[in-house]
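Engineer: In UniProt numbering, the protein residues as written are 1 to 596.
Hint data in this document are derived by calculation from the structure and do not stem from the laboratory. Predicted model only: the values in this text are computed from it and were never measured. The C-beta atom is built at its ideal place from N, Cα and C for all residues, glycine as well. Check each hint, because a few of them may be wrong.
[What the hints assert, rightly or not] Taking CB as the label site, the calculated pair distances span:
(1) Q145 x H110: 23 to 31 Å
(2) P125 x T177: 33 to 41 Å
(3) S346 x A187: 29 to 37 Å
(4) P125 x E507: 45 to 53 Å
(5) K465 x Q495: 33 to 41 Å
(6) S121 x G42: 31 to 39 Å
(7) Y178 x D290: 31 to 39 Å
(8) D247 x D315: 27 to 35 Å
(9) E579 x Q485: 13 to 21 Å
(10) I175 x N31: 19 to 27 Å
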Amino acid sequence: MARMKAIEAAVCVLEKEGVSVAFGVPGAAINPLYAAMKAHGGIGHILARHVEGASHMAEGYTRAVAGNIGVCIGTSGPAGTDMITGLYSASADSIPILCITGQAPRARLHKEDFQAVDIASIAKPVTKWATTVLEPAQVPRAFQQAFHLMRSGRPGPVLIDLPIDVQLAEIEFDIETYEPLPAYKPAATRNQAEKAVRMLNEAERPLIVSGGGVINADASALLVELAELLNVPVIPTLMGWGTIPDDHPLMAGMCGLQTSHRYGNATMLASDFVLGIGNRWANRHTGSVDVYTKGRKFVHVDIEPTQIGRVFAPDYGIVSDAGAALKLFVEVAREWKAAGRLKDRSGWVAECQGRKNSVEYLRKTQFDDVPMKPQRVYQCMNRNLDKDTCYVSTIGLSQIAGAQFLHVYKPRHWINCGQAGPLGWTVPAALGVRVADPERRIVALSGDYDFQFMIEELAVGAQFKLPYVHVLVNNSYLGLIRQAQRAFSIDYCVQLAFDNINMDEGEASRGYGVDHVKVVEGLGCKAIRVHRPEDFAPAMRQAEAWMAEHRTPVVIECILERVTNISMGTEIDNVVEFEELAHSKADVPSALALLD
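Work out the full structure, taking the sequences as your base and the hints as a guide.
Structural biologist: Next comes the structure, spelled out in structure tokens:
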């Protein structure tokens, strides 16, 4: 049998499992892996500027394309702890990424050696599996197990920690005998599918709630087919946005306390039955369970057994991969439709469409204020971006407003960090999406604080020629936190503004503090600042031209009013509207109801 270093065997396994690129930062304790990667030549590498950034790039890479598993690499000690946020983010959203860390020699693990930390124990709560491999011969099988676990059941991340002497040890291993392990995914039974369809068919005003599990299962087409067969409206969660096109007649809007539509909340409250598929009843989707569940029955389908009943007990629960369940649901629905057993839902569908198309349920976007209101910026985005646009965002008023006003038409075209929401996620995640799909039109969306957290990763985009557009909505405030502080009657430690002495006296954004345009240019990218709504379209055209010429990220900074409030509330029947609502079509020129 062939003899090789354990780390060479690991690289062979990575290649056999389909890994073609990794994101990371080299260091002494992980250099053997880099040497093996260079020798083999089958795995490319993107050099991050911060190891946390590498983990978020891996996330973006996984989230962008079905079947991808992003890999991030770091050395011992703080490199591993830096990646914990990425592991948490991936774990919370059921995203498989593989983190590989170097480690001190085995003999030094319990001697407080330089940068020797028990990273596996630290990572265990935010991974499906975290292990320090102490036996060299087990290295290739540890990687085999990692890919099996990441693909099986509820997807999620794994961390493999490799002491440097383990990496360098010689083992016997024949890659020609290696095969990836089959993934296990629980599947609904025919009886379960029939019962779920029967319960839905008995209802008068049913809905389907489509979650991120549908996207993970690459089952959006099945979801739309089921909705069309049953003629039942769909409410996607934020993680499931794009499972049904926004302009589809059965897309009823999103429901929730923040990232929602007024018509979506109204439709949820009018329903009497909900079939949830691949969702987790997140608190910002439901609000209080009492309001959300009152007067309606629930069927819940999820791949993770412990999710069934975690938030509230459904009337019927099915443990299944979303795709496997949807395949059976479609089969049953097709048979029932052919037999004339399905109820006529045309009246209910018309009621839901009526809300979606009514100005009464829309938020005004046509504001002419300067500095701009965020609503107008998103209106400009809708009017200048097409249906193929892929948005990347993480948290804050920028993300909340984006979900309220933007339009998404395809799965994996709203790349969003759902539960964890770490500031700084957007830039590296967008770069990971670009690596995964060199042709997709990518528009990232950040507030100024999210943007400043990991702004250094823009240099990665410049170095590796990874162009995308980053819309930066800047009010020089921790806007979401300031809005939350209203309940305490304070405005404390949330202002980012200062008088920037390096900007011209006449520059309107001088009092906004950081000169993002200069910082972005210093990192090797291009940037343009927009003060007025009418300047957004020319800025977008300029961004497209710069990307074509320079192949780097381009930032469009939109200067907003300093104090801005976005609609949100404590219950789905109690969302507070801080701005004027629409009164006529002229108030909402980019609303779905008015688009061709």
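Engineer: Work down the list of hints and note, for each, if the structure agrees.
Structural biologist: Quick rundown of the hints versus the structure:
no.	hint	verdict
1	Q145 x H110: 23 to 31 Å	holds (25 Å)
2	P125 x T177: 33 to 41 Å	holds (35 Å)
3	S346 x A187: 29 to 37 Å	holds (33 Å)
4	P125 x E507: 45 to 53 Å	holds (47 Å)
5	K465 x Q495: 33 to 41 Å	holds (37 Å)
6	S121 x G42: 31 to 39 Å	holds (32 Å)
7	Y178 x D290: 31 to 39 Å	violated (53 Å)
8	D247 x D315: 27 to 35 Å	holds (32 Å)
9	E579 x Q485: 13 to 21 Å	holds (19 Å)
10	I175 x N31: 19 to 27 Å	holds (22 Å)
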